[in-house]
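With chain W fixed as given, assemble chain V onto it according to the hints.
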Amino acid sequence: MIAPVIVFFACAIAAVVGAILLILAHEPIHSALSLIVVMISLAVLYLLLGAPFVAAIQILVYAGAIMVLFIFVIMLLNAGEEERTDWSKIAKWIGLPLGFVLLLEISHWLFHSEPGTAIANGAAAPAPADTFALSTELFRQYLFPFEATSILILIAILGALVLARKDQ
Amino acid sequence: MGFITQHPVLVVSLVKIALTLFVVMTALAYLTWFERKVVARMQSRWGPYYVGAHGLLQPLADGVKFLFKEDVTPPSSDIITYLLAPFLALVLALTAIALLPIGPPDVTILGQPVYAVSNINIGLIFLFAITSLGVYGVALAGWSSNSKYPLMGGLRSSAQMISYEVSLTLSVVGVLLLAGTLNLSDIVNGANGQTGYWLHFIPRWNVFPQIVGFLCYITAAIAETNRVPFDLPEAETELVAGFHTEYSSFKFAMFFMAEYANMITVSSLATILFFGGWLSPFGGHEWEKFIPVVIFLALAAYCLKEVATELQAIIHKLQFMIVVGLFLALAAVCFFFPHYAMPPFWFILKIAIFMFFYVWARGTLPRFRYDQLMAFGWKLLLPVSLANLVVTAVVWLVMHP
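Residue numbers (the numbering used here), protein chains in the order written: chain W, 1 to 168; chain V, 1001 to 1401.
No lab work stands behind these hints: they were computed from the structure. Heads up, a few of these hints could be off.
What the hints assert, rightly or not - Derived pair list, reagent style DMTMM-like, types lysine to aspartate or glutamate, alpha-carbon separation capped at 20 Å:
no., chain 1, residue 1, chain 2, residue 2
1, V, Lys1148, V, Glu1238
2, V, Lys1016, V, Asp1106
3, V, Lys1148, W, Glu81
4, V, Lys1037, V, Glu1310
5, V, Lys1037, V, Asp1062
6, V, Lys1148, W, Glu27
To be verified - Covered stretches of chain V (chain W as the covering partner; in silico rule of three or more C-beta atoms under 8 Å from a C-beta of chain W):
no., stretch
7, 1126-1132
8, 1148-1155
9, 1158-1172
What the hints assert, rightly or not - Counterexamples of contact, computed for chain W against chain V with all Cβ distances above 12 Å:
no., residue
10, Ala15
11, Gly95
12, Arg165
C-beta atoms are modelled at their ideal positions from N, C-alpha and C, and glycine is treated no differently.
Only chain W is shown next, with the shape it has when bound in the complex (with noise of 0.2 Å):
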């Protein structure tokens, strides 16, 4: 079982590479670019999983929908280049020392993680998850964290139709 590694280790990369350009990049486009290849990495992770339901739904409300959305506003707005400002001290100094820490944490639970509980393992990809099942378990026990959300959703969209028409 050589591909499912072969296929996380690319995506993982595309992912990594993808989030570091979406921070580095000049152009605002570019970085919404980068920002759609880290969504996309992600799908095929999940569809590693075994959950291609989710996957699927990744591409279609992330990279379908929401980013077009940030480039439809980039290109509205015609967003120019961006102007490098240095470090601000907050970050430099409380960020950096908070991101190191992060990371060290990260990778002592990679390190002392059961073999086997991780893809890059090489273990076989559990069964795909039923699409089925899944909403089943959405529209029966979780139910009502879904409609909140859903109804969360909503409000905030009203809030933003009032922060836009403030002038009138």
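Quick look at chain V alone, frame taken from chain W:
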């Protein structure tokens, strides 16, 4: 031989991919010929006529012309994105085609299904995921050209595709409720598929219970593929050529191929979801093989008549004789291998009708104004498809307590 029997999945998949690519590419080329001919007939013109008999070699000539034209890259363009955009458009359009089943999944060679390059369980959602990425080709082309008209075209196209994608997806959910599956093959002939009849003569196709959904789907699909009357991203009277103004040579051709490939995809999806896919309207009897045989023989006879009476040049007569041979071969295949030939025949016939519909619309309808387009999408199409979904869900609940 040993390799083939040891790796049936690999070999059969590669052959299927190569065949699909060849057929689709040829179909794309001749769709341009078909469109020009039909629009010309609607406008009392001849259309392509001089390159080959009845312009049959025009697509080939166009392809060669695209390959050898100077490839101009605007110096102020954003070079990576500029080069990426046409590839993105074409690759995504062709990927979507790989998901479409053109025949029953139980016809196999070496244990592998023949009629779909890839038959996955969440086919429909995956198809929408792929086609929803298609907007990047257009939007990035518009932005990266660093020019005013392409930017306007790219902006219009992103807004239009986002608006109509909502209706497109919602209009299909009604069919999903009826079928109870996301697998494209199962939607056609699964447990709740479209086999069988109502009142013994109306095929059990989803278009009858879902006529509103179908109308919403086909309207949104024309908008999604940027075709007349929704071709605002490339409205030539307003925007020169819209998002692909700055593209020349083969990159321009790639946008065109992507557009036609998208037309094939949405037509195939309409066929699968609403018109019973590869299912015959008559129930799949043995005598049905004579329908394509008669059609192909009639076409061959018509071509022979042209050779005898109309065509003057020897080379044109020869070209038409090749076409006659092609039709005879197709008739023979349908006659001797109906088990393999009939499902794709019905499928392609249904797509061809949709293609004619596309061209018909282009020859008939004027373009929308931009505000009309947006108002139509959000204020009419979206509520109607939402209402269709709610009504379908309620009726389904009442019928399956």
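* Asked: Can the restraint linking V:Lys1148 and V:Glu1238 be considered satisfied, given a maximum Cα separation of 20 Å?
  -> Between V:Lys1148 and V:Glu1238 the Cα gap is close to 12 Å, so the pair holds against 20 Å.
* To do: Run the C-beta distances from W:Ala15 to all of chain V and say if the shortest one exceeds 12 Å.
  => Non-interface label on W:Ala15 holds, nearest chain V Cβ at 17 Å vs cutoff 12 Å.
* **Cβ separation check - W:Arg165 to all of chain V, threshold 12 Å** => holds, 17 Å
* Can the restraint linking V:Lys1037 and V:Asp1062 be considered satisfied, given a maximum Cα separation of 20 Å? -> Holds, at about 15 Å.
* Asked: Taken at face value, is the distance from the CA of V:Glu1310 to the CA of V:Lys1037 at most 20 Å?
  -> holds, 17 Å
* Asked: How about the stretch 1126-1132 of chain V: do at least three of its residues have a C-beta closer than 8 Å to a C-beta of chain W?
  -> With 5 residues in contact (Cβ-Cβ under 8 Å with chain W), the coverage given for the stretch 1126-1132 of chain V holds.
* Take a quick look at whether V:Lys1148 and W:Glu27 sit within 20 Å of each other, Cα to Cα. => holds, 18 Å
* Cβ contact check, 8 Å cutoff: the stretch 1158-1172 of chain V against chain W, three residues minimum -> With 5 residues in contact (Cβ-Cβ under 8 Å with chain W), the coverage given for the stretch 1158-1172 of chain V holds.
* Does the alpha-carbon distance linking V:Lys1016 and V:Asp1106 stay inside the 20 Å limit? -> holds, 16 Å
* Claimed clearance of chain V by W:Gly95, with the beta carbon kept past 12 Å -> Nearest chain V Cβ is 30 Å from W:Gly95, so the label holds.
* Coverage criterion applied to the stretch 1148-1155 of chain V (partner chain W; beta-carbon cut 8 Å; 3 residues) -> holds (count 3)
* To do: Please work out if V:Lys1148 and W:Glu81 have their alpha carbons no farther apart than 20 Å.
  => Between V:Lys1148 and W:Glu81 the Cα gap is close to 18 Å, so the pair holds against 20 Å.
Checked against the numbered hints listed earlier, the structure breaks none of them; every hint is satisfied.
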